[in-house]
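> Residue numbers (the working numbering), protein chains in the order written: chain C, 1 to 491; chain D, 1 to 388.
Check before you lean on any hint, since a few could be wrong.
What the hints assert, rightly or not - Below 20 Å or equal to it, Euclidean Cα-Cα: the simulated SDA-like pairs (lysine to any residue) are: (1) D:K225 / C:K408; (2) C:K299 / C:D157; (3) C:K353 / D:W240; (4) C:K354 / D:K74; (5) C:K250 / D:S245; (6) C:K254 / D:W240; (7) D:K74 / C:K62; (8) C:K62 / C:Q78; (9) D:K74 / C:Q78; (10) C:K116 / C:T85; (11) C:K408 / C:S397; (12) D:K225 / C:K62.
Said to hold, decoys possible - Selected chain D positions facing chain C (Cβ under 8 Å, derived; list incomplete): (13) R65; (14) G70; (15) R98; (16) T99; (17) P333; (18) G334; (19) S336.
Calculated from the structure, these hints are not laboratory results. We put the beta carbon where it would ideally sit given N, CA and C, even for glycine.
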Amino acid sequence: MQFRRSLLGLAAGAMALVGTAPLSVAGEFDGVTVNILTRPGYVIAGRLVERGVEFQKATGAKIVVTEVPYAEIFPKIQSDWSTGTNSIDVGVFAAGWGVELDAAGLLEDLDPYIAKDDKIDLDDVAPYFREFGQKVGGKTKLLMVDGDFQMVYYRKDVLEAAGQQPPKTWEDYIDVASKIHGTDMNGDGEGDFGSCIFKKRNAQSYFAIQTFAAPIVQTKGTAQGFHFNSATMKPIINNAGWKKAFELYKETGKYGPPDELNLDIGDTRALFKAGRCGLLVEWGDPGPLQLDDDATAIKGKLYAISGLGSRMVLNRSTGKLVPAIKSNAPHSIDGINYAPFAAFGGWAGAINKKADQKTKDAAYAFLSYMNQSAQSSVDVTIGATGYNPYRLSQLSSPDLFIEAGMPKELAENYIGAINGALSNLNMASDMKIPGAQKYTSVVLDTELARYLAGEITVDEALENIEEGWEEITEDFGRDEQIAAQALALGS
Amino acid sequence: MQNPMPYNTKNIQPGNSPAGISSGDKWREWCDRHAGSFFIAPAVTLILIFAIFPTIYSMVFALSRVRFTGDGLKFRYVGFRNFEKQFFGSSEMHFLGRTEPVSILGMIIFAVIVVAVLWWLYRSWKTATWVRMLGRSISAAMAIFLAWILCASLLSGNSIGTLYTTLFYVLFGCAVQFAIGTGLAFLCSQPIRGRNFFRVLFFIPLMVTPLGVGFAMRMIADVTKGPFEPILGLLGLQDWVWSASPWSARFVMVICDSWQWIPFIFICMLAALENVPRDHVEAAQVDGASSFHIFREVTWPQVVPVAVTVLLIRAIEAFKIMDLPNIMTGGGPGSSTESMTLHSVYVWRANDIGSSAAIAYLLLILTVVVCASFFNYVVLGQIRKARS
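The whole structure should be built from the sequences, with the hints applied where relevant.
Right, here's the structure in full:
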């Protein structure tokens with residue numbers, strides 16, 4: 001143990017040295033301005049601004065961060081770069097969106113920059129994020145600043161008080177939520193909520209539904225996918241698997257806040273930090289977020305599960321649900337099929353190919369600076385940044401998070417949950433094909449919201465999604481989409 | 001000898017120049033005759049460039065699939081497929097609502113409306129010119145289409161789409177705003193104490209930006225932390241959430257929209273009411289007419305041209321509602337508070353510019369036909385009635 005601590009001490013010292021080492025040649029980018037576009041608020045954007053100030057002091061390059069509503073990030077970047085407006089030099093967005101921009105020839109190839117960069121250590125980036133997030137068609141087109149998985153969190157104290165075990169399946173989730181719903185979880189004398197999920201339209205709800213659907217629909221490994229038949233690009237959505245996911249997802253609302261349909265991620269974060277949620281679906285952020293000063297009600301109490309599974313899985317040839325057994329779900333454990341969903345894939349930065357060379361050099365240097373372990377390993381321990389661990393060095397031991405203030409048991413649980421998701425051979429990958437944003441954040445999101453609001457039935461919602469996805473596939477070209485899907489899933 | 005045909009400008013006929021007139025005079029005369037066109041030309045040119053041209057050019061988008069590439073926008077002609085999608089494709093339920101199954105009540109009401117519209121058209125056939133007949137046929141077709149959607153969706157117990165959500169904002173919202181705005185204007189036109197204070201107070205919401213109204217209303221309407229939370233608690237409605245139910249969410253949108261737009265009706269109607277000649281009112285009072293009769297027989301006929309015009313302007317504006325539902329609910333729950341404008345914006349935001357343009361054109365057609373029908377059959381009718 002002492003030897004391990006010594007090693008950690010050496011590693012931390014080395015990290016600190018690297019952190020204080022010059023970034024580039026001082027004044028190398030004097031007079032250069034790098035315009036970055038990303039989401040609004042402190043999450044993601046805030047740390048870019050703060051690191052930008054450091055970067056400017058070291059290199060002279062001015063980092064200007066422009067924030068736009070989440071739903072407008074992709075179309076703004078796409079139209080700005082495509083029409084030659086070029087007011088944006090760097091976009092920081094979902095790693096999966098890069099493929100559509102790259103197909104239009106809008107992304108700068110970063111491999112030549114990486115070859116000359118002796119500070120970036122891409123071998124330390126977890127293979128999934130390095131290969132799936134950063135690369136398009138085998139070339140590095142983006143640099144990660146964040147790694148994303150959607151996980152389930154539970155209040156350990158609340159479940160213990162109620163005599164409940166952490167859920168293993170979505171049915172368990174609903175059962176546990178029903179048992180703890182209405183109990184006072186923060187000592188204010190008021191009943192709180194069994195489950196909190198962001199279900200507002202045009203927000204993050206479409207990720208959560210995929211987290212529900214993945215273990216029911218995907219059984220044979222990441223390369224199988226759970227949105228399309230990879231050979232034909234016919235949607236695998238209008239079936240009993242997705243139907244069950246939709247129904248389970250809606251049922252969680254019985255044990256959620258009454259205005260859950262109008263809550264986005266900011267609202268649910270305020271609720272769980274106030275100690276009002278017994279269970280929740282979230283990315284990696286709640287781990288370090290519970291260390292915040294305004295989260296005293298949950299500090300050290302919010303534990304993570306890498307992903308919930310399903311005892312029933314989809315038989316793709318019959319379209320029916322069947323029990324998960326080794327023959328149809330080889331990765332299942334004790335009759336439960338797990339498929340942790342890499343929702344969003346993580347925030348990553350890409351450079352506009354048409355920016356002038358000096359700006360591109362400065363932009364790359366900044367993205368590299370953000371990506372380097374010295375900065376990244378600090379940023380991922382601060383919940384408010386929105387950055388979650390994505391480097392092997394951040395995931396190999398809980399010490400980074402223990403140093404940040406997490407109790408040891410919790411830190412081990414947190415890192416264990418992320419590692420469990422990353423190492424799962426049946427991990428479900430987010431869409432990474434042209435039109436990914438349209439397939440999910442427009443068609444899937446809209447029809448899901450209409451189903452949750454009671455406007456349409458689950459069958460109508462699934463039929464509409466199938467029709468909408470087919471229209472998008474036809475629009476982009478079926479053969480092109482088949483090729484892109486094969487590339488994305490490595491199938 | 002005196003010239004038998006003395007030069008006199010009064011003798012110049014339009015389009016002709018008297019013999020012997022110099023070319024400079026001809027030029028000046030031509031300029032004089034076309035001065036009106038010259039003065040209006042810059043305005044017409046600007047309108048053509050900034051309004052008409054984009055409107056026509058957007059039809060190119062509406063008939064195309066637009067892709068963003070490294071070389072700019074690439075258009076692929078797809079005919080009316082973007083429009084077709086709204087009526088028969090994946091967006092049908094979103095736009096029209098659910099139109100199946102149709103109830104017996106819905107069918108009966110639809111049949112009654114169709115008979116009434118066709119009867120009205122038949123009667124017009126005898127008197128109207130062919131131009132008017134064309135206009136009335138378009139109005140009738142729109143009325144039958146809207147009646148069918150209404151009967152097949154709302155009156156059959158099905159959910160409505162963005163089409164009727166928009167019409168709900170326009171018809172119900174404008175009616176509420178007109179009734180309250182006119183009522184307040186009437187009160188403030190009376191000799192009451194502090195009426196100048198009330199005039200300013202009622203006018204303030206109109207000066208707030210719609211985004212500001214949206215955020216303010218979102219905070220006010222928050223049932224867990226907003227100012228109405230204690231009242232709802234007292235009424236035992238602490239678990240009631242307006243944003244979870246489609247119709248309560250739509251009504252909240254109308255309430256918030258009304259808060260901003262009642263002042264517009266108020267200020268216009270106040271000006272109209274204050275322009276009613278006092279001697280007419282006083283003469284009616286001397287004759288012993290009651291206040292209600294004075295309003296109905298003297299005041300209202302004189303303000304009705306302004307009233308219907310204000311209502312028309314407000315309706316045109318209401319068709320474009322977007323900010324409030326976008327900020328307060330994001331169009332939800334589901335798509336229940338999503339207007340056609342917001343629908344178009346959301347589709348455009350996904351860079352589906354062709355579909356967005358198609359929805360915008362559908363909204364344009366709806367707005368033009370509804371508002372032109374209202375103008376022809378209500379506004380002009382009321383103005384003629386008032387004049388007579």
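> A separate judgement is required for each hint: does it hold in the structure or not?
Okay, the hints, checked on the actual structure:
no.	hint	in the structure
1	D:K225 / C:K408	violated, 36 Å
2	C:K299 / C:D157	holds, 11 Å
3	C:K353 / D:W240	violated, 52 Å
4	C:K354 / D:K74	holds, 18 Å
5	C:K250 / D:S245	holds, 15 Å
6	C:K254 / D:W240	holds, 14 Å
7	D:K74 / C:K62	violated, 34 Å
8	C:K62 / C:Q78	violated, 23 Å
9	D:K74 / C:Q78	holds, 13 Å
10	C:K116 / C:T85	violated, 29 Å
11	C:K408 / C:S397	holds, 11 Å
12	D:K225 / C:K62	violated, 41 Å
13	R65	holds, 6 Å
14	G70	holds, 3 Å
15	R98	holds, 7 Å
16	T99	violated, 12 Å
17	P333	holds, 4 Å
18	G334	holds, 3 Å
19	S336	holds, 6 Å
Hint violations for this structure: numbers 1, 3, 7, 8, 10, 12, 16, all remaining hints satisfied.
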